[in-house]
Structure formats: structure tokens, C-alpha cells
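Participant: Read off the chains here:
Protein chains: 2
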Amino acid sequence: MDQRPTVEVCFTPNLYPLHFDGSDIIVIIDVLRATTAICAGLSNGVKKVIPVASVEEAIEYRQNGFIVAAERKGMVVEGFDLGNSPRSWLNPDLVGKTVVLTTTNGTQAIHVARRCQHMIMGSLINLDAVVQYLRKKNKNVMLLGSGWKNKFCLEDTICAGAIAEGLLSTGEFRSEEDSTIASKYLYLSARDNYLGYLKASSHRRRLRDLNLNEDIKYCLTPNKVDVVPIYKNGEITL
Amino acid sequence: MDQRPTVEVCFTPNLYPLHFDGSDIIVIIDVLRATTAICAGLSNGVKKVIPVASVEEAIEYRQNGFIVAAERKGMVVEGFDLGNSPRSWLNPDLVGKTVVLTTTNGTQAIHVARRCQHMIMGSLINLDAVVQYLRKKNKNVMLLGSGWKNKFCLEDTICAGAIAEGLLSTGEFRSEEDSTIASKYLYLSARDNYLGYLKASSHRRRLRDLNLNEDIKYCLTPNKVDVVPIYKNGEITL
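Order-wise, the sequence lines are chains A and B. Numbers 1 to 238, taken from the working numbering, label the letters of the first sequence in order. Numbers 1 to 238, taken from the working numbering, label the letters of the second sequence in order.
One or more hints might be untrue.
Put simply, identical chains are the same to the list, so a pair is met inside one copy or across any two.
Stated by the list, open to error - Distance condition first, Cα-Cα at most 27 Å in a straight line; then the derived DSS-like pairs of lysine-lysine: (1) Lys47 to Lys151; (2) Lys136 to Lys97; (3) Lys139 to Lys199; (4) Lys224 to Lys48; (5) Lys149 to Lys139; (6) Lys136 to Lys199; (7) Lys224 to Lys139; (8) Lys97 to Lys73; (9) Lys139 to Lys73; (10) Lys139 to Lys217; (11) Lys149 to Lys48.
Simulated from the structure, these hints should not be mistaken for laboratory data.
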């Protein structure tokens, strides 16, 4: 019997119960833009990120003096300090600080998987760091896309495919699911031109309409940072 | 505003409620093998097919003298006349007959969508016929994959992508969802070699282990028949 650990892709948070079968490590992926912002922020010196699922919780933290980032529908929620634009998380004022974060999709995925053994944040900007981390751990991995309101989204799937290919191509991992094969195929055709490939994607159109093209380019640039954010007891740190 | 009808892909029956927003026509897709068998059978002269969701219902029909096809886990259920091997549906003894059918995935997808306005059966073997049919109707279309026990499956997605590309490439239809874009991309990379592309797919492995390679080849050959099976009041006919 094949004893190698598995790597499987789950497209969206609503499918998590269907796919979860005791995977040891869950990688949360929200390329546009929550996990990219978390990676950028922690790499920039943010001390920790506290993800919360609802705007109501975020308001409570704000009332207690925290720096709070809140995004809904691609925009900073009125009255909050930050959204999920990764470039705004590079602000030197955030170094050494704790940031509370709620987003449309990414923090929902974290919430769904919060009881798993071991959760980390993946994005294209920390792609190789994630692959190396998972190779060292050598355990069963689920790559969990955040989607858009529980619908399949292309950029998270391509990132999942990139991580899967990074693990499968070493021969140290195996996969069984068609969702993983499809993600890998999509990554292989996208990798030479992410921007062009995602041109028609719904999420990119949504952000382009909000004048977020520079943000999109940042999010689609592999290996800008070398960190693997880890979720533990409600907090994300390095 | 863009007034063209939409074409969208829903990967699996469990996602139907999330994706359904009043689409006028639902195309059920179960390449391996329910919708392929239905297309083959009706094209061969089968009078009608009655899809039922459970083996229990199938047994009742059998007790009432019907020809009943029942498949679970890729095999003919013990005691039944037929499974969902399309080639067995080409048997001349079936001409003019009614066949009751229950399968692991395909008949579940039909069951989920049974209250929609207008439902037809799609497969690779009737690909062009389906595209021409939908172009004539010029209404909003959902392409509903059957998946494998509600998990994403590659061959249904590729078939959905082929139908979507057939409609979108005319300029007469539009799509909004990333699931549709991904299906189209997967189809475009698969179309020159379906068998090779699907080599690693879980479903194909499952059927290969059952010595069903000839069946798979039949199911993956586009445009073998020129029929569009229509579901109405619990029955599928031409």
C-alpha cells in the first residue's frame, strides 16, 4: 500500500465537511486577498493577526482599542482602519502591532477549519515557503480555497494547484481526488501568465472595477515573501 | 446591459441550490456513465427512460415487470437486468421498451433538479446536438455535473466545458462564474486527448479496475449520436 501522505484540494469552505477526513494540516488560501495580506503583514513585522468571522466581532475589538482590518465586497468597511489590501499591510506603523481581521471569504475559511490540528496560510506570495514547510512536515495536507461566497474561484484554485504540484512533483506525496488533478492542470496552464489567465475571472473583474489592479498584480506575484503564517488558539503568527 | 442568455457550470448536485437562480434549462451531465447510457439507449430506439433515485424504487418497478437498470459503485446491482454501461444499452432487445434506471450519481443529479422548468441530458456522445439545441432555445442554461458522491469530477466538468465553449464561442451567450471559466479551460486542454487527460482521474481509475476500458473509450468519443433526451414528468424521451 502507498504510504505517502496525501495532498488534496477542497475548493470552498462549504465543501470542507465533505472533504475533511482527518487531514493533518490545512492550508487556507485566499489569494485575493486575505491570506496574501496576512503573509505581507507578518513578513513586514506585524506581531500577530486575530481573524474574526463577523463585522460585529471586529467592532468589539475596535472598541477595545485594537487595530482592525475589515473588508466586505472588496472594500474597507466604513469606520475601519484597514481592509485586506496587502500593500496597505506593508505600512511601517503596523510593525510590532496586533491586527484584527475580518473579510468576506478568507476569514470564513479559517473559521470553518478552526478545530483542525494544524492550520497555515497559503498564497502565491509565499508559495515556495509553504511547499518547503509541507515537505518537511510530511503529513496529509488539505488545501482549502476560500472561494467567493462559497462559490468556486479561479485564483485560489490555481494557487492550490501550484502548492499541489510543488508537493506531487517531488514524488513524496500522492493525491486521489479529481479536484486536485483539476487544480494542478489549471495551475500548469496559468503559470506563465497569471494576469492574462485570470482576466475573465469574476473576482478579478470585481476588484478591477474597484481600481485595485496594482493590488491584483502584487497578489499574483509568486514568492515575494518567505514566511509561513500559522494559526493557533485563535491567533496567526510566524 | 448585456441581454444575452447565460451559461454557467455547477460542478455537483450538492451545489445546485447555491448556483440555481432561475436558469431556464438544466443540462444533466454524467459522462461515466448515466447520461451517456441514456443518450445511447434512446438513440438506439429505447422508448423512454424512467430515472429513479433509489435501488428500493428500482426493485418496485422490477416487481411490476419493468426492465430495470441499476448501478452502484460502477457495477450492475445484483439481480438487475442492466447497469449503466452504454454499450449494453445498444442491445436490440431494448428497442421500443421502457427502461427504469438508477445510478450512483447521474440519477441523483436528475432528482435534485427535478422541479426545474426544462431538463435535458448531456454527454460527450451527443455534444454537438446539445449545443445546437441550446442555441435554438436561446435561454439561460445551467450545466449540472453529477460528480462522484457529490465530489467534483473531471470528466463531467470537461463535458460541461465543451458545451459552454460551444455556446460562448458563438458570442450568443455570456458567463459570469469562475466555475464556467475553469471548465472551459479544462476542456480546451483536454480536447485533443481525453483518454490521456483523464488517465489520473479517480473515476477512470475506478472503472479501469472493473475492466471497463472499452466503455470509457465509448463515453469519451464526441458526437456518436444526434439526440437530445428531454426529461418531463418523471420520464426521459426524445
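Participant: Would you mind marking each hint as holding or not holding in the structure?
Facilitator: Hint-by-hint comparison with the structure:
1. Lys47 to Lys151: neither (32 Å within a copy, 39 Å between copies)
2. Lys136 to Lys97: Cα proximity of lysine 136 and lysine 97: none, with 30 Å in one copy and 60 Å across.
3. Lys139 to Lys199: between (35 Å within a copy, 26 Å between copies)
4. Lys224 to Lys48: For lysine 224 and lysine 48, only the intra-copy Cα distance (19 Å) is at most 27 Å; the inter-copy one is 59 Å.
5. Lys149 to Lys139: The answer is between: 25 Å across copies meets 27 Å, while 29 Å in one copy does not.
6. Lys136 to Lys199: Neither: 35 Å inside a chain and 29 Å across chains, both beyond 27 Å.
7. Lys224 to Lys139: Within. Shortest intra-copy distance 26 Å satisfies the 27 Å Cα cut-off; inter-copy 45 Å does not.
8. Lys97 to Lys73: within (26 Å within a copy, 54 Å between copies)
9. Lys139 to Lys73: neither (35 Å within a copy, 29 Å between copies)
10. Lys139 to Lys217: Intra 32 Å, inter 36 Å, cutoff 27 Å: neither.
11. Lys149 to Lys48: within (26 Å within a copy, 40 Å between copies)
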